[in-house]
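> Chains as they are written, first to last, in my numbering: chain A, 104 to 462; chain B, 89 to 241; chain C, 86 to 641.
Hints listed in this document are in silico derivations from the structure and should not be mistaken for laboratory results.
Mixed in with the good hints there might be a few duds.
[Said to hold, decoys possible] The list that follows gives simulated cross-link-like pairs (lysine to aspartate or glutamate, EDC-like), each with its CA atoms no further than 16 Å apart:
| id | chain 1 | residue 1 | chain 2 | residue 2 |
| --- | --- | --- | --- | --- |
| 1 | C | LYS187 | C | ASP222 |
| 2 | A | LYS262 | C | ASP292 |
| 3 | A | LYS156 | A | ASP181 |
| 4 | B | LYS101 | C | GLU454 |
| 5 | B | LYS94 | C | GLU454 |
| 6 | C | LYS542 | C | GLU518 |
| 7 | B | LYS108 | C | GLU216 |
| 8 | A | LYS154 | C | GLU216 |
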Amino acid sequence: MATQTLPEFISEITGLGSFGVAGEFVAAIVGAGIIGTIMLTYTGIAGPWAKRKITAAFTDRYAANRMGPFGLLTIPADALRLLSKELIIPERVDRPAFDLAPLVVAGSALFAFAVIPMGSLFGINMQIADPEAGLAYAFAVASIATLGLTMAGYASANKFSFMGSLRAIAQNIAYEIPLVLTGASVVIFAGSLQMSEIVAAQTISGGAEPLFSIAGLGIPPWFAFVNPFAFVLFTIANIAEVGRNPFDIPEAPTEIVAGYQTEYSSVYFVLIYLGEFLHIFLGGAIAATLFLGGPAGPVLPGFVWFTIKIWGFFLLTQWARSAVPRVRIDQLIEIGWKGMLVLSFANLLLTAVIVGVIA
Amino acid sequence: MIGILKGMATTMKHALDGEKFTVQYPEETPEVSARFRGVHKFSQERCIWCRQCENVCPNDTIHIVTDDQRQGEEYNLHIGQCIYCRLCEEVCPVDAILLTQNFEFTGDTKDELVYNKEQLKSVPWYKDIDPLESREPDRGAWIGEGDGEVDYQ
Amino acid sequence: MSLEPVRDDTLDADGNVDPQAILDLLGDRVLDIEEHMNADIAVVVRPDTVEETLLALRDEAGFDHCSLVTAQEYEDRYESIYHLKQYDDPTNEVSVVVPATKDDPVSQSGNAAYRTCDWHEREAYDLVGIEYENHPDMRRILMPETWQGHPLSMDYDQDRPQVVTLGQHDNPLKDDIRDEENDTMFINIGPHHPATHGVLHVKTVLDGETVANVESDIGYLHRCEEQVCQNGTYRHQIMPYPDRWDYVSAGLLNEWAYARAAEDLADIEVPEYAQVIRTMGAELCRVAAHMLALGTFALDVYGDFTAIFQYAFRDREVVQNILEELTGQRMMFNYFRLGGVAWDLPEPREDFFELTRDFLDGLPGKLEEYHDLITSNEIFQLRCVDTGILEPEVAKSYGATGPVARASGVDYDLRRDDPYGYYDELDWDVVTEDGKDNYARVLTRMQEVEESAKIIKQCVDLLEEWPEEERTIQSNVPRTLKPENDTETYRAVEAAKGELGIYMRADGTDKPARFKIRSPCFSNLQTLPEMAQGEYIPDLIASLGSLDIVLGEVDR
Numbered sequence: 104m105a106t107q108t109l110p111e112f113i114s115e116i117t118g119l120g121s122f123g124v125a126g127e128f129v130a131a132i133v134g135a136g137i138i139g140t141i142m143l144t145y146t147g148i149a150g151p152w153a154k155r156k157i158t159a160a161f162t163d164r165y166a167a168n169r170m171g172p173f174g175l176l177t178i179p180a181d182a183l184r185l186l187s188k189e190l191i192i193p194e195r196v197d198r199p200a201f202d203l204a205p206l207v208v209a210g211s212a213l214f215a216f217a218v219i220p221m222g223s224l225f226g227i228n229m230q231i232a233d234p235e236a237g238l239a240y241a242f243a244v245a246s247i248a249t250l251g252l253t254m255a256g257y258a259s260a261n262k263f264s265f266m267g268s269l270r271a272i273a274q275n276i277a278y279e280i281p282l283v284l285t286g287a288s289v290v291i292f293a294g295s296l297q298m299s300e301i302v303a304a305q306t307i308s309g310g311a312e313p314l315f316s317i318a319g320l321g322i323p324p325w326f327a328f329v330n331p332f333a334f335v336l337f338t339i340a341n342i343a344e345v346g347r348n349p350f351d352i353p354e355a356p357t358e359i360v361a362g363y364q365t366e367y368s369s370v371y372f373v374l375i376y377l378g379e380f381l382h383i384f385l386g387g388a389i390a391a392t393l394f395l396g397g398p399a400g401p402v403l404p405g406f407v408w409f410t411i412k413i414w415g416f417f418l419l420t421q422w423a424r425s426a427v428p429r430v431r432i433d434q435l436i437e438i439g440w441k442g443m444l445v446l447s448f449a450n451l452l453l454t455a456v457i458v459g460v461i462a
Numbered sequence: 089m090i091g092i093l094k095g096m097a098t099t100m101k102h103a104l105d106g107e108k109f110t111v112q113y114p115e116e117t118p119e120v121s122a123r124f125r126g127v128h129k130f131s132q133e134r135c136i137w138c139r140q141c142e143n144v145c146p147n148d149t150i151h152i153v154t155d156d157q158r159q160g161e162e163y164n165l166h167i168g169q170c171i172y173c174r175l176c177e178e179v180c181p182v183d184a185i186l187l188t189q190n191f192e193f194t195g196d197t198k199d200e201l202v203y204n205k206e207q208l209k210s211v212p213w214y215k216d217i218d219p220l221e222s223r224e225p226d227r228g229a230w231i232g233e234g235d236g237e238v239d240y241q
Numbered sequence: 086m087s088l089e090p091v092r093d094d095t096l097d098a099d100g101n102v103d104p105q106a107i108l109d110l111l112g113d114r115v116l117d118i119e120e121h122m123n124a125d126i127a128v129v130v131r132p133d134t135v136e137e138t139l140l141a142l143r144d145e146a147g148f149d150h151c152s153l154v155t156a157q158e159y160e161d162r163y164e165s166i167y168h169l170k171q172y173d174d175p176t177n178e179v180s181v182v183v184p185a186t187k188d189d190p191v192s193q194s195g196n197a198a199y200r201t202c203d204w205h206e207r208e209a210y211d212l213v214g215i216e217y218e219n220h221p222d223m224r225r226i227l228m229p230e231t232w233q234g235h236p237l238s239m240d241y242d243q244d245r246p247q248v249v250t251l252g253q254h255d256n257p258l259k260d261d262i263r264d265e266e267n268d269t270m271f272i273n274i275g276p277h278h279p280a281t282h283g284v285l286h287v288k289t290v291l292d293g294e295t296v297a298n299v300e301s302d303i304g305y306l307h308r309c310e311e312q313v314c315q316n317g318t319y320r321h322q323i324m325p326y327p328d329r330w331d332y333v334s335a336g337l338l339n340e341w342a343y344a345r346a347a348e349d350l351a352d353i354e355v356p357e358y359a360q361v362i363r364t365m366g367a368e369l370c371r372v373a374a375h376m377l378a379l380g381t382f383a384l385d386v387y388g389d390f391t392a393i394f395q396y397a398f399r400d401r402e403v404v405q406n407i408l409e410e411l412t413g414q415r416m417m418f419n420y421f422r423l424g425g426v427a428w429d430l431p432e433p434r435e436d437f438f439e440l441t442r443d444f445l446d447g448l449p450g451k452l453e454e455y456h457d458l459i460t461s462n463e464i465f466q467l468r469c470v471d472t473g474i475l476e477p478e479v480a481k482s483y484g485a486t487g488p489v490a491r492a493s494g495v496d497y498d499l500r501r502d503d504p505y506g507y508y509d510e511l512d513w514d515v516v517t518e519d520g521k522d523n524y525a526r527v528l529t530r531m532q533e534v535e536e537s538a539k540i541i542k543q544c545v546d547l548l549e550e551w552p553e554e555e556r557t558i559q560s561n562v563p564r565t566l567k568p569e570n571d572t573e574t575y576r577a578v579e580a581a582k583g584e585l586g587i588y589m590r591a592d593g594t595d596k597p598a599r600f601k602i603r604s605p606c607f608s609n610l611q612t613l614p615e616m617a618q619g620e621y622i623p624d625l626i627a628s629l630g631s632l633d634i635v636l637g638e639v640d641r
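Work the whole structure out from these sequences, hints included.
This is how it looks when you write it as structure tokens:
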């Protein structure tokens with residue numbers, strides 16, 4: 104590709120490239136730091152501020168409007184408040200697991216962003232690495248979060264936490280399979296697991312044929328347009344995967360208090376909270392890459408389009424929250440195994456047949 | 089699916105119309121009814137120390153001290169304990185105690201919420217609503233003596 | 086319980102109770118006859134014949150509703166009173182009075198006839214100290230297990246310290262009991278839990294995600310409301326407190342319960358104009374209370390960021406503004422007086438009518454919105470239809486009333502069946518649903534809001550045209566009321582949650598000697614195990630939400 108990836112750019116302008124592998128390693132770490140900072144900034148905006156504003160808009164209220172312009176200073180204030188709270192560790196918790204769980208939850212989402220093509224910003228391709236098995240890596244790393252939730256629930260020595268984590272496992276297993284299968288149908292279309300290839304297959308500048316043209320403007324063959332059915336399936340499985348309404352049963356505050364995070368406080372709580380929001384953004388990022396042409400879009404730089412798409416997904420989760428009831432655990436499992444799984448297999452099969460016939 | 093979408097459309101409609109129902113309180117003070125019952129105001133000039141308010145008070149919020157000539161010395165009212173039933177105002181034959189519309193009071197300790205007669209006198213009106221005026225049409229109904237005995241002390 | 090009780094023998098041609106027939110039915114079990122103002126007949130029976138008496142009255146005279154069990158202590162005896170009614174016609178009332186001796190206050194339990202006696206008798210034991218034989222679970226209910234003495238008994242020493250060492254308490258942090266055989270898990274839902282609508286403690290045994298057993302533990306919000314009222318004068322001091330039983334702005338409905346009982350006891354007339362205002366105010370309160378029920382139920386089913394809760398609160402706020410104009414306060418109204426109401430409508434009256442009409446005109450649109458958001462939502466239907474089933478026979482046995490009973494098809498509404506206020510002059514319908522499930526209970530409440538709106542509208546029309554010279558808001562009531570010694574009455578009104586009744590006994594002073602509250606939530610909450618056992622945890626939460634309990638009224 105014409106543009107440099109972030110680590111390449113860093114190694115070039117700092118001259119790190121001349122130090123060989125060690126230099127590239129340092130450049131990659133710096134690049135990861137930049138991407139991580141961007142994503143944590145998004146989460147920082149989303150958690151204390153955007154979520155409140157969006158919920159307030161749906162419920163005809165004002166929210167977070169006391170501190171600074173548009174209440175934006177709520178973000179540092181909230182960070183300070185949460186960090187200065189006492190870290191309460193209950194007596195009988197399973198220590199290393201209890202402490203590690205928040206890191207695993209937050210970390211797993213951050214790791215996956217390494218392969219997401221975030222588009223170009225000032226000519227730099229905001230992607231840390233573009234391995235050939237990029238999509239498989241993203242799915243694999245994202246599902247480590249389940250382990251974190253299990254640890255959190257089990258180690259908390261609290262029955263509500265335990266039930267929350269059991270629900271999280273049941274839910275993630277049930278929806279991981281449709282998610283990956285629907286993702287696989289995209290892979291069949293694109294013919295590659297590499298993220299950049301998947302994006303290229305959806306963009307006209309990447310060499311793809313326009314889906315059809317309206318008044319001379321080519322509509323790009325985003326897979327969401329090519330196969331809307333798969334997109335809907337993927338979105339539903341994705342919402343279940345990140346645990347938002349109507350699939351927020353691992354937390355289900357009115358049923359099991361707060362699920363796996365019941366016993367967490369202070370910094371640990373912040374980490375779990377951040378992790379959840381990171382997962383929402385990650386869900387949005389994967390959906391955008393697979394179905395919405397990744398960073399593709401007219402006029403604006405790719406990175407801006409990418410940001411718009413992941414925030415759009417975030418907005419969707421908040422919107423669903425305002426009006427969609429939570430399903431029951433047995434209904435969730437039933438929808439997962441009897442509905443989503445079958446449909447995603449059918450989708451995969453049909454895609455394979457169609458692609459096989461056309462190609 | 090249609091029901092779910094209808095629900096989501098409804099909330100989105102609310103999000104987009106920009107209407108807010110909540111009030112930005114300190115800047116925007118709420119309109120209260122002229123009958124609203126807030127902190128009491130006490131007038132020593134009017135009071136005849138008949139102690140009816142003290143008797144009628146359901147949870148002993150009002151505490152009156154008189155000397156042996158039955159002249160009033162102290163009139164204390166625990167506004168933190170008061171349940172704002174307005175019975176004291178209702179039984180008062182001379183309008184010496186009134187409930188203003190003022191609902192803004194604070195105190196760091198319970199002791200600070202015990203008002204003596206000077207503090208009760210200086211309670212401000214809320215938005216210049218004179219409770220007495222708004223209550224005039226109904227006064228006849230409250231102070232009807234009935235057929236039974238009248239137990240003034 | 087047979088579906089069509091044989092009742093021809095005990096009712097006269099007009100459908101009223103024939104006291105002589107009751108006496109014939111009970112035969113020599115009747116020791117004496119007492120005078121209760123509400124009841125057609127009050128029979129005194131021996132403590133060891135309670136069960137057979139109640140069964141006879143239930144099966145052979147059709148008294149299928151045990152409203153309340155009142156216990157009290159006299160100088161020479163203890164006494165339990167079973168206030169029986171008929172679901173078909175609640176004006177048919179019989180009181181069964183059971184005296185127990187002072188030194189050995191034991192009485193047979195009525196549990197075999199009415200399941201609702203379970204909690205009522207536990208409360209009687211807890212507060213007054215009568216023990217009930219054959220009771221399945223004779224424990225304290227409101228006070229802590231370790232409480233010493235019975236607070237409403239005469240020899241109770243309230244100055245005696247109630248210090249109980251930690252060791253004597255059930256330690257909440259004790260180690261889990263694990264055994265090999267059982268595969269169940271015990272979990273405490275509450276007293277501090279997002280879904281218990283207050284401080285309710287639900288002891289739950291789970292088998293996986295399925296609820297194996299539920300037991301409600303109440304009493305965390307016990308505020309001695311009955312005793313507070315026993316220490317207040319009839320004329321003034323009791324009226325502020327009913328607002329605080331069911332405190333979610335159902336205040337006027339509660340006040341009416343006291344007003345009705347006290348006006349009955351002291352024989353006070355209420356001017357017609359005041360009755361219309363009362364009716365309007367009470368229905369406004371019902372709308373506010375049902376809005377809250379709807380909002381919190383949505384919270385339970387949708388999750389904590391649902392917009393519905395906020396919309397319901399917004400609409401409730403409009404009602405509260407109207408009530409503030411009328412009564413001066415948003416929730417703790419203290420608006421009713423014995424013999425009328427405290428204020429006439431606010432001046433200028435046109436503004437008040439306009440305010441109310443605006444609300445009524447907007448209501449259909451808003452309800453439409455709720456139907457879009459709630460009842461037509463497929464996931465909501467999936468969650469609520471056929472969950473939390475309450476069979477009508479079970480509901481009756483537990484004394485369930487209000488929307489909970491009506492959603493199970495029990496056609497029982499005191500506003501129509503035992504008319505008070507201005508209801509019988511107005512055109513409205515009692516809402517019943519046959520669904521018996523959580524969904525039906527939501528639907529019932531939403532339709533009741535519509536019916537209430539109809540009533541309010543008619544009242545506004547009436548008030549607008551009321552001739553100015555006839556606007557009497559209070560009848561002339563003595564400043565000090567002293568009902569005759571030993572007059573007893575039990576009177577109920579249809580509150581937002583169901584039958585809210587007051588039992589009062591006068592002893593010739595200006596304060597009641599016994600003041601007993603029949604809380605609809607108390608009886609309705611008893612049905613929770615019947616609804617929730619065998620279902621999933623989310624259904625337990627939804628059922629609890631659909632019961633619409635207010636712990637302030639359950640615990641009093």
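> For the pair we were handed, LYS101 of chain B and GLU454 of chain C, check the Cα-Cα distance against 16 Å.
At roughly 11 Å apart (the allowed maximum being 16 Å), GLU454 of chain C and LYS101 of chain B satisfy the hint.
> Would you mind confirming whether the straight-line C-alpha gap from LYS154 of chain A to GLU216 of chain C stays at or under 16 Å?
56 Å, violated
> Hey, LYS156 of chain A versus ASP181 of chain A, does the alpha-carbon distance stay inside 16 Å?
14 Å, holds
> Would you mind confirming whether the straight-line C-alpha gap from LYS542 of chain C to GLU518 of chain C stays at or under 16 Å?
24 Å, violated
> Starting from LYS108 of chain B, check that the Cα of GLU216 of chain C is at most 16 Å away, please.
The hint is violated at about 57 Å.
> Take the C-alpha atoms of LYS262 of chain A and ASP292 of chain C, compute the straight-line distance between them, and say whether it is at most 16 Å.
OK: LYS262 of chain A and ASP292 of chain C at ~13 Å, within 16 Å.
> Does the structure keep LYS187 of chain C and ASP222 of chain C at a Cα separation of 16 Å or less?
23 Å, violated
> Between the alpha carbons of LYS94 of chain B and GLU454 of chain C, is the straight-line distance 16 Å or under?
Status holds; Cα separation ~9 Å.
Checked against the numbered hints given earlier, this structure breaks hints 1, 6, 7 and 8; the rest are met.
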